[in-house]
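Asks: Here's the letter readout for the chains.
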Amino acid sequence: MPETGTREITFAEAVREALAEEMRRDSRVFIMGEDVAEAGTPFKVLSGLVEEFGTSRVVDTPISEAGFTGVGVGAAMTGLRPVVDIMFGDFITLTMDQMVNQAAKVHYMSGGKWKVPMVMRTTLGAARRSAAQHSQSLHAWFSHVPGLKVVLPSTPYDAKGLLKTAIRDDSPVVFFEDKMSYKLKGPVPIEEYTIPLGVADVKRLGKDITLVGTSSMVQVALEAAVLLENEGISAEVVDPRTTWPLDEHTLIESVKKTSRAIVIDEGYGRYGVAAELAATIAEGAFHYLDGPVRRMGAMHVPIPFSPPLEDVTVPTGKTVFDVAMKLCGRS
Amino acid sequence: MTTASDPIRTSADKTRENLLRLYRQMMAIRVFEEHVNELYTRALMPGLAHLYIGEEAIAVGVCEALQKNDYVTSTHRGHGHCLAKGASPELMFAELLGKEAGYCRGKGGSMHIADPATGNLGANAIVGGSVGIATGAAFSAKTLKTGQVAVCFFGEGALGQGVLYECFNLAQLWKLPVIYVCENNMYSEYTHFSETTTGDIPARAAAFGIKAETVDGQDVRAVFAAATQLADRARGGEGPAFLLCDTYRYRGHHVGDINREYYRSKKEEQHWLRENDPIKNFSEWLKAEKHADAAALTAIDLELKTEMDAAMKFAIAAPYPSIDQVDQDVYA
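Residue numbers (our numbering), protein chains in the order written: chain A, 15 to 345; chain B, 618 to 949.
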């Protein structure tokens, strides 16, 4: 009998468990990236994996993001299932041709003949005092491209279940992890499970306003919901979990119920994921809305280093609360 | 004529057969490309076509040194590589015309022909865009111990792309069975390579410890010999190689590039056509060495013409994909 029940583990541990389980299950799965082996990445997310799987399956690379991402694409086409590690989400800029022109298009351009079963794991999120080139949330870039799937887990439970599914997917999947969430603890079943891509999760039920949060902003939305509850406003928090495929139905149904919506995403607010989700809601629930769908994202500035400056660039529970109060006619 | 079951088949027959196959493969590419030119000038072909005419000895010399399941990646000027690796002209023409019967069901077109059955990972319309893919295929071959080799064809224009050097480093670091074949046809689009490229080209690969060679890309026997040796070496676990092939693009950058005098002279073009044509030179050698007479070669030419005519007609008559195909194959 397999063990059952749950235990509390961190987000980082959940990611590591997903990788280890999939690597045990399928010998074609391997990890490739900078400082992934003995170092286990600067975030220590991969600690222990090289000891179990060896350096042929946890492969340290030179600092050549385009090169080793391209190798990942080719390896995925020819029988392996790479998990390519891009240390900071800001570095995806260096991989753009490999992801956008190669990985995303190989299947379609070949008329469905070649497949690219590859996962790119990378990070997002500010507030670590890392300045403008180590703090961005660029998941909108990949969400814009047909052929890629984009996953934004917000809890240890989601991280593990979604990563296992991503590794088993035959299409290229980009998996963004919030750096600030690595130490977040949450319940994770002992027994194996997976979570399908394209299914949103209602993190909190409510009836007066829908707060759609992604990745790091789910916790922010939940904080805002607690503040709103103190004011007698019942907020529903919906986490799409993947920007593509996108569970439009759950978003729209929630807003049909609440009639108000704020979308909170840590990417730049302009031309971003929040805009797309807001438009989806506006199109699908227009006649149910009591006010405009509001977007909240990172300010349209490079993320500054100085702590008081950085802190105002990203939505917080308080700023979401303020916008929600206005939307509910309470301020 | 000998057959495979002939018990007294001599090695001289075998040599002759292989040599005639080199000739046939090169001529197949040339006749195919002339048909493409015809399709374009008759306005039957959508988009652009980048013809491989003049460079046939490279694709044929290299691919004849490979096994069927060895991998290749190709370029926007890729028809020659596809044919040399064993693609069917019918399915290629169909793809060029955007027809459902094409290699990519019409979704790729001239610059994206891919064919798993012949190890063709796909032609790539980003210059240097397939370097990572070829290197990754070699990574798989090594990891899975399949004994396959990957060949990455690219033009000298790709020497300007940084990812090439990242992959050189990775391939040599991990001793991957990949051969980087640089076809220096002297022009990246409309610019002579001397205006964009500095230093010694093979030295760039050699700087990484990669075995680097230069060969006359108009001499199919020389290309075949070099590729055979480098493929054996890669298969034996000795790592990657770089093969620089000097060649010339007879036609324009694409079929519509007719007036070329602002970037190269007619005299230069005529020199290559007259003195350095890979098919002409090889056919003269075949005759001089008594491997074939003019009649035998003409017979091959006529056979190919008939085959390509039929393949082109097949493609012209073939139906387009149904509109509901447009959003199929986006995700696997």
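In short, the hints are calculated from the structure, not lab data.
Here the structure is a predicted model, which is why all the values come from computation and not from measurement.
Any given hint could be a false lead.
Distance condition first, Cα-Cα at most 30 Å in a straight line; then the derived DSS-like pairs of lysine-lysine [stated by the list, open to error]:
| hint | chain 1 | residue 1 | chain 2 | residue 2 |
| --- | --- | --- | --- | --- |
| 1 | B | K716 | A | K58 |
| 2 | B | K716 | A | K178 |
| 3 | A | K129 | B | K716 |
| 4 | B | K762 | A | K127 |
In silico negatives: residues of chain B with every beta carbon more than 10 Å from chain A [to be verified]:
| hint | residue |
| --- | --- |
| 5 | K724 |
| 6 | L761 |
| 7 | E830 |
Taking CB as the label site, the calculated pair distances span [as the list claims (entries may be wrong)]:
| hint | chain 1 | residue 1 | chain 2 | residue 2 | range |
| --- | --- | --- | --- | --- | --- |
| 8 | A | K270 | B | A949 | 41 to 49 Å |
| 9 | A | E52 | B | W902 | 56 to 64 Å |
| 10 | B | G826 | A | R142 | 36 to 44 Å |
| 11 | B | G816 | A | P56 | 43 to 51 Å |
| 12 | A | E52 | B | A823 | 44 to 52 Å |
| 13 | B | L761 | A | A293 | 52 to 60 Å |
| 14 | A | K271 | B | A949 | 34 to 42 Å |
| 15 | B | R838 | A | R182 | 42 to 50 Å |
| 16 | B | G826 | A | P56 | 26 to 34 Å |
| 17 | A | G68 | B | G873 | 48 to 56 Å |
| 18 | A | D304 | B | G873 | 51 to 59 Å |
| 19 | B | G826 | A | I204 | 35 to 43 Å |
| 20 | B | A949 | A | K197 | 32 to 40 Å |
Each residue gets a CB set at the ideal place from its N, CA and C atoms; glycine is no exception.
Asks: All the hints need checking, so say for each whether the structure fits it.
Replies: Structure-based check of each hint:
Restraint check for B/K716 and A/K58: not satisfied, since their Cα atoms lie roughly 51 Å apart, outside the 30 Å limit. Proximity of B/K716 to A/K178 is assessed by CA-CA distance (about 38 Å); at most 30 Å being required, the pair is judged violated. A distance of roughly 21 Å separates the Cα atoms of A/K129 and B/K716; the hinted pair therefore holds under the 30 Å criterion. With a CA separation close to 23 Å, the supplied pair B/K762 and A/K127 stays within the 30 Å bound.
Interface exclusion of B/K724 from chain A breaks down, the closest Cβ pair being 5 Å apart, not more than 10 Å. Once the 10 Å rule is applied to beta carbons, B/L761 is inconsistent with being away from chain A; the minimum gap is 6 Å. Here B/E830 stays apart from chain A, with its beta-carbon at least about 23 Å from theirs, past the 10 Å limit. As the Cβ distance of A/K270 to B/A949 is approximately 34 Å, the hint placing it in 41 to 49 Å is violated.
Take A/E52 and B/W902: their Cβ atoms lie about 57 Å apart, and the range 56 to 64 Å holds. Between B/G826 and A/R142 the C-beta distance comes to about 39 Å, which sits within the given range of 36 to 44 Å. For the hinted restraint 43 to 51 Å between B/G816 and A/P56, the CB-CB distance of approximately 36 Å leaves it violated. For A/E52 paired with B/A823, a C-beta distance near 31 Å fails the hint of 44 to 52 Å.
In this structure, B/L761 and A/A293 break the distance hint of 52 to 60 Å, their C-beta atoms being roughly 45 Å apart. Between A/K271 and B/A949 the beta carbons are some 35 Å apart, a value that agrees with the proposed interval 34 to 42 Å. For B/R838 and A/R182, the Cβ-Cβ distance of about 49 Å falls inside the hinted range of 42 to 50 Å, so the restraint holds. Taken as a hint, the range 26 to 34 Å holds for the pair B/G826 and A/P56, whose Cβ atoms sit roughly 30 Å apart.
For A/G68 and B/G873, the Cβ-Cβ distance of about 54 Å falls inside the hinted range of 48 to 56 Å, so the restraint holds. Taking the beta carbon of each, A/D304 and B/G873 are about 58 Å apart, inside 51 to 59 Å as hinted. Between B/G826 and A/I204 the Cβ separation comes to about 49 Å, which falls outside the hinted range of 35 to 43 Å. Range check, B/A949 to A/K197: about 35 Å between beta-carbon atoms, so the 32 to 40 Å window is met.
Hint check: violations occur at hints 1, 2, 5, 6, 8, 11, 12, 13, 19; the rest are consistent with the structure.
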